[in-house]
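Engineer: Each chain, written out:
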Amino acid sequence: MSANGNLVELEHLTKHFAVKQGVFARGTAQVHAVEDVTLAVRRGETLGIVGESGCGKSTTARLMLRLLDLTGGTVRFDGQDISHLSQRALRPLRREMQMIFQDPYSSLNPRKTVGQIVGAPFAIHGQKGAKTRVQELLETVGLSPEHYNRYPHEFSGGQRQRIGVARALALSPKLIVCDEPVSALDVSIQAQILNLLRNLQRDFNLTYVFISHDLSVIRQIADRIAVMYLGRVVEIGDSEAIYDHPKHPYTAALLSAVPRASSTGRERIVLTGDVPSPVDPPHACVFHPRCPRFHAGHCDVDTPQLRDLGPAHEAACHYPLEKWPMTDDEIRQAEGADRIERPHLEGAAHDV
Amino acid sequence: MSDDQLLLDVRGLTVRFPTSDGVVQAVSDVTFTLSRGETLGVVGESGSGKSVSNLAIMGLLNRQRTAIAGEVVFNGRDLLTLPPEQLRDIRGKDIAMVFQDPFACLHPMYRVGAQIAEAVTAHEDVGKNRAWARAVELLGHVGIPNAKSRARDYPHQFSGGMRQRAMIAMALVHNPSILICDEPTTALDVTVQAQIIELIEAVKQEFNIGVILVTHDLGVVAETADSVMVMYAGRIMEYGPAREIFDQPQHPYAWGLLDSMPSVEKRLSALVPIEGSPPSLLAPPAGCPFHPRCRYRFEPCPVERPPLVAPVPDAHPDACHLPWEEKVREGAKRSVVRLGDVA
Chain A
1 MSANGNLVEL EHLTKHFAVK QGVFARGTAQ VHAVEDVTLA VRRGETLGIV GESGCGKSTT
61 ARLMLRLLDL TGGTVRFDGQ DISHLSQRAL RPLRREMQMI FQDPYSSLNP RKTVGQIVGA
121 PFAIHGQKGA KTRVQELLET VGLSPEHYNR YPHEFSGGQR QRIGVARALA LSPKLIVCDE
181 PVSALDVSIQ AQILNLLRNL QRDFNLTYVF ISHDLSVIRQ IADRIAVMYL GRVVEIGDSE
241 AIYDHPKHPY TAALLSAVPR ASSTGRERIV LTGDVPSPVD PPHACVFHPR CPRFHAGHCD
301 VDTPQLRDLG PAHEAACHYP LEKWPMTDDE IRQAEGADRI ERPHLEGAAH DV
Chain B
353 MSDDQLLLDV RGLTVRFPTS DGVVQAVSDV TFTLSRGETL GVVGESGSGK SVSNLAIMGL
413 LNRQRTAIAG EVVFNGRDLL TLPPEQLRDI RGKDIAMVFQ DPFACLHPMY RVGAQIAEAV
473 TAHEDVGKNR AWARAVELLG HVGIPNAKSR ARDYPHQFSG GMRQRAMIAM ALVHNPSILI
533 CDEPTTALDV TVQAQIIELI EAVKQEFNIG VILVTHDLGV VAETADSVMV MYAGRIMEYG
593 PAREIFDQPQ HPYAWGLLDS MPSVEKRLSA LVPIEGSPPS LLAPPAGCPF HPRCRYRFEP
653 CPVERPPLVA PVPDAHPDAC HLPWEEKVRE GAKRSVVRLG DVA
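Going line by line, the protein sequences match chains A and B. Sequential numbering of the first sequence, starting at 1, is according to our numbering. Sequential numbering of the second sequence, starting at 353, is according to our numbering.
For the record, the hints were derived by calculation from the structure and aren't laboratory data. Note that the Cβ used here is the ideal one computed from N, Cα and C, for glycine as well. Wrong hints could be hidden among the right ones.
[Claimed, not checked] Distance windows between CB atoms, simulated:
id, chain 1, residue 1, chain 2, residue 2, range
1, B, Pro-659, A, Ser-106, 37 to 45 Å
2, A, Arg-150, B, Lys-500, 55 to 63 Å
3, A, Gln-80, B, Lys-500, 55 to 63 Å
4, A, Val-270, B, Glu-489, 20 to 28 Å
5, A, Tyr-105, B, Pro-659, 32 to 40 Å
Just chain A, same shape as in the assembly (with noise of 0.2 Å):
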């Protein structure tokens, strides 16, 4: 790959944390936050990132922005290999790369003004002029310049969103990090801040990396979407293309049981069981012990890796969907498998 249409490019990123374990926590363990995961950021587009908690979503966008350092794999930002670059080094590198935060409430220091947040960017950078600069960023995302000299405490949770993104946006970066940045907020603020997102998206030719574990907020605004589970990248591909034709079963899942205000006939994958602890994720396929589709002997032996199912669309899954919407009874039908048993039921004891 080259530093072609890409702004960010992650190889073969890893991240594993470790953990005190055992009596008197002599033990360390590993908590395998994100395992080998390659994607691309394309300039000027929101790839959304999507799944539950504890998927790897927020630690892999830490990582693009080197706010963690990593285990392993390389983070090219703008055709820049920053993977090892020191804090010092990357200091200029921050200007180009924001974040915008989910709780507009610990986000924002009570203690200084507004005009005092909104400028830090500025006076860190060593920028001058920054009161006018700062009233216009106010403007854009929708607040009045007299805010200047309020604390956070007199605004509502959307507009502190809203002093959130104007941060954000002081220096003029390329790459803004969206870290669920709607999911404290009541459905109609909700609606006002994606619509702000995308306007500056438009306005100020922005690329985004938006996650969040809403379906529906993901479809709304991302353009491309990866779905993680336990740290992989398990879907990726364009939102159309996630959203009408799924090919891995966990996406399908995690779909069909979002609930919706007009269902109608829909059946719904209902998975069961919990999500596996990261400290030992399971073999193979991660999402195996889950998968409706399992097969035994294939699922649990041999890593699935991330193939084309489609232009621009690609899963890591043995046996991905055939077609979509499926039944319950479909799904457990994967072409070509007619020899396979059903999995264990054992493996059903250790969760619900």
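Starting from the known structure of chain A, arrange chain B on it as the hints suggest.
Structural biologist: Chain B only, in chain A's frame:
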């Protein structure tokens, strides 16, 4: 539904919190009924009074510090005037509650089984062993595998979904007739949420109870509720059968909520947010509380509060001044917009 199926009759429930800044008008004039086998969905944004009204029904608000008016009639008795000892006999026994955060609701240092057994002995004079056996039975019932050994686990050994199952087991201890679920799936992942929703539905069918489901998630309500109450600023804006609320909503606030909700089925060309933010309950707007954010407001809205009545005989009640013809016209326009919205 016949009268013997009626479980709960709430009339004019009003909750006020006096604070140093003024009186918070948390819930105003809330009237609804709940029958056996019914799931009532209560939707609204944060601060709309949906949780507070349920806490008031459960008698969980401090009566000294709260002004509560209205009637909550259960089994011919008004829960709001019942002496605390008698209320305690009903609460947790006939009316049980499941809260949002299963992490905060279980004591971290007691075994899960012991906590459920404690709920058994709270209302029933049984020995420890019998109580424990009942706890194990209920854990199995709500889908915890190996209930016998898992009952000896501590809460941290349970996953989020299992903890919520344990909370539901605890609520079921005395075969309640009403189960109040306050955001039961908000803290859970979507695949686990689906499991818990199905469990609540199964429990409702099996025990033939009434369920009040409080949530901000319109999708959850659409899938489970039989009737829906839309709340805003402590008041009911619209109340009716779930299908009607989602297919032919009548109140501009309900339109706003549905239009601002992104869909997993298609990408909408644009979300239509409700401008502004919810009002402070210290000084809610005069007239219709929604009027400052409403695109359809006209002369009477800021002056006169619309009553919650059915605008025409076969419609469900809403609290809006807008003439019925206009609602029908706007409703038709909305469905056209939604259909043409595939981006």
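Engineer: Are the hints correct? Go through all of them and say.
Structural biologist: Here is how each hint holds up against the structure:
1. Remark: the range hint 37 to 45 Å for B:Pro-659 to A:Ser-106 is upheld by a beta-carbon distance near 42 Å.
2. For the pair A:Arg-150 and B:Lys-500, the beta carbons lie near 58 Å from each other, so the given range of 55 to 63 Å is met.
3. For the pair A:Gln-80 and B:Lys-500, the supplied restraint of 55 to 63 Å holds, since their beta-carbon distance comes to about 59 Å.
4. At roughly 23 Å, the beta carbons of A:Val-270 and B:Glu-489 sit within the given window of 20 to 28 Å.
5. Between A:Tyr-105 and B:Pro-659, the C-beta spacing of about 37 Å keeps the proposed range 32 to 40 Å intact.
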